[in-house]
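Going down the list, the protein sequences come from chains A and B.
As numbered in our numbering, residues 1 to 220 make up the first sequence, in order.
As numbered in our numbering, residues 1 to 220 make up the second sequence, in order.
Derived from the structure by calculation, the hints contain no laboratory data.
Any given hint could be a false lead.
You can't tell identical chains apart in this list, so a pair holds if it fits in one copy or across any two.
[What the hints assert, rightly or not] Derived SDA-like pairs: lysine to any residue, alpha-carbon spacing no greater than 25 Å straight-line:
(1) K51 with M169
(2) K171 with S199
(3) K171 with P109
(4) K171 with D49
(5) K171 with R102
(6) K171 with A122
(7) K126 with P40
(8) K171 with R105
(9) K171 with H108
(10) K126 with R162
(11) K171 with R106
(12) K51 with R2
(13) K51 with I152
(14) K126 with S149
(15) K126 with N15
(16) K171 with A68
(17) K171 with P114
(18) K171 with A153
(19) K171 with D151
(20) K51 with P119
(21) K126 with L69
(22) K171 with Q50
None of the values given here were measured: they were computed from a predicted structure.
Number of protein chains: 2
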Amino acid sequence: MREAYHVELERLADNLAEMCGMAATAMERATTSLLETNLPLAEQVISDDQKIDDARARCEEQAYALLALQAPVATDLRTVLAAIHAAESLERMGDLALHVARAARRRHPEPVLPAEVAPYFAEMGKLAVRLARQAEDVIHTRDVEAARSLDIADDEMDDIHRHLFTVIMDKNWQHGVAAAVDTTLLGRFYERYGDHAVSVANRMVFVATGKMPGYNSDEL
Amino acid sequence: MREAYHVELERLADNLAEMCGMAATAMERATTSLLETNLPLAEQVISDDQKIDDARARCEEQAYALLALQAPVATDLRTVLAAIHAAESLERMGDLALHVARAARRRHPEPVLPAEVAPYFAEMGKLAVRLARQAEDVIHTRDVEAARSLDIADDEMDDIHRHLFTVIMDKNWQHGVAAAVDTTLLGRFYERYGDHAVSVANRMVFVATGKMPGYNSDEL
Chain A
1 MREAYHVELE RLADNLAEMC GMAATAMERA TTSLLETNLP LAEQVISDDQ
51 KIDDARARCE EQAYALLALQ APVATDLRTV LAAIHAAESL ERMGDLALHV
101 ARAARRRHPE PVLPAEVAPY FAEMGKLAVR LARQAEDVIH TRDVEAARSL
151 DIADDEMDDI HRHLFTVIMD KNWQHGVAAA VDTTLLGRFY ERYGDHAVSV
201 ANRMVFVATG KMPGYNSDEL
Chain B
1 MREAYHVELE RLADNLAEMC GMAATAMERA TTSLLETNLP LAEQVISDDQ
51 KIDDARARCE EQAYALLALQ APVATDLRTV LAAIHAAESL ERMGDLALHV
101 ARAARRRHPE PVLPAEVAPY FAEMGKLAVR LARQAEDVIH TRDVEAARSL
151 DIADDEMDDI HRHLFTVIMD KNWQHGVAAA VDTTLLGRFY ERYGDHAVSV
201 ANRMVFVATG KMPGYNSDEL
């Protein structure tokens, strides 16, 4: 019974790690499609989103099976529930990459972003991909310290996001209201993606160790 | 065993309904603080958000206890998991109301919104509150038809949200970039709130009936 539980939990963790990789690839391509007005790449992100949704459904089914067949309690139970929450966040990260790709498609062949703010999005895109890859590493390595490093990347993301507002709101903004609106929404998509990645990593640590970083498991 | 399960599930449903009411009140007050530049009301929404977070933690603990002590399977298991997801969406609805209240506080004593778009937000605020109250009704009445009525209110919300963009992007927009950015983000908060309310109602139908509206339970 215990052995079957751990084999199944291992499979679930592998699938969550794979979802991290899918979410990272989606945001990497979405960012490229945004910055290089690459329509085929945007279309690919849009059509591939279904695969992330399907992966989430598979993770939930695995989690249901674990709960139904093994009836875990205590930390084991919380671990499976953490996996269910992580899968939900990962699906949402895929949706946010999808929103970026749709913005690129909507304005094609025009660029969505004024050249002035493009470098911020290049950087936020890199941070987003790094965050998703770090979450993937956490699940493979069970490295609690690696989970903490996500906070650093997410803080950088938040700093850029805040700075972006000062650029948009500055009286020297030359690009009009429509570009300001697009920039605002896109900035928010990256910032939310980062938040979800941090949440996934924290839950992954729980899946790997039975403890949430920074908390006693009793507090959860 | 079965009776204890149903008593506990009933308590969990009551707590979720109470969370719906809290999320509705939060958005009602946040909207008033936004439209009437009412700082004390904004502060109240901001400080009350902790109560919604606490209620979510209580719902999760109840769900954990149900799973650990009753080890439900099949539909019963999916019902408890639906409740966990609903609690997460309700906490997020509280966060979105909090964002609205923070915007009102940030610009106080100036209004955040140009008078031209205020009526759209008055309407979106009403729809948001109606959606949360309808979700609350669904859990009390177990009325599957009532859950469908949320789709109508949410479609109205989406229509207003779309129209808002045409107003902001119009060449006659007189209110500058900063107001456009604020209006864009606030519009998104209401639209996301509506999406979460619909998701909650659908999951509430599941908690009440074991079936998701519009799906066979096999598809879930």
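Exercise for review: Measure nothing new, just compare the shortest in-copy and cross-copy C-alpha distances for K171 and D151 to 25 Å and report within, between, both or neither.
Suggested key: neither (32 Å within a copy, 41 Å between copies)
Exercise for review: Measure nothing new, just compare the shortest in-copy and cross-copy C-alpha distances for K51 and R2 to 25 Å and report within, between, both or neither.
Suggested key: The answer is neither: 31 Å in one copy and 38 Å across copies each exceed 25 Å.
Check your understanding: Within a copy, between copies, both or neither: where do K171 and H108 come within 25 Å Cα-Cα?
Key -> between (28 Å within a copy, 21 Å between copies)
Point to revise | Copy assignment of K171 with D49, given that the CA separation must stay at most 25 Å | key: Neither way: K171 and D49 sit 38 Å apart in one copy and 35 Å across, limit 25 Å.
Review point. At most 25 Å between C-alpha atoms: does K126 with L69 qualify within a copy, between copies, both, or neither?
Key: neither (41 Å within a copy, 45 Å between copies)
Practice item. Up to 25 Å between alpha-carbons, please classify K171 paired with R102: within, between, both or neither. Key: Classified as between; 23 Å across copies, 29 Å inside a copy.
Practice item. With 25 Å as the alpha-carbon cut-off, assign the pair K126 and P40 to within, between, both or neither. Key: within (20 Å within a copy, 41 Å between copies)
Check your understanding: What label fits K51 with M169 when the C-alpha limit is 25 Å: within, between, both, or neither?
Key -> For K51 and M169, neither the intra-copy (38 Å) nor the inter-copy (34 Å) Cα distance is at most 25 Å.
Review point. How would you label the pair K51, I152 (within, between, both, or neither) given a Cα cut-off of 25 Å?
Key: neither (30 Å within a copy, 29 Å between copies)
Practice item. If the cutoff is 25 Å on CA atoms, where do K171 and R105 land: within, between, both or neither? Let me know, please. Key: Cα proximity of K171 and R105: across copies only (23 Å, versus 29 Å in one copy).
Exercise for review: Measure nothing new, just compare the shortest in-copy and cross-copy C-alpha distances for K171 and P109 to 25 Å and report within, between, both or neither.
Suggested key: between (28 Å within a copy, 21 Å between copies)
**Study point:** Intra- versus inter-subunit Cα pairing at 25 Å for K126 with R162
**Key:** within (17 Å within a copy, 30 Å between copies)
The structure fails hints 1, 2, 4, 12, 13, 16, 18, 19, 20, 21, 22 (numbered hints given earlier, in ascending order).
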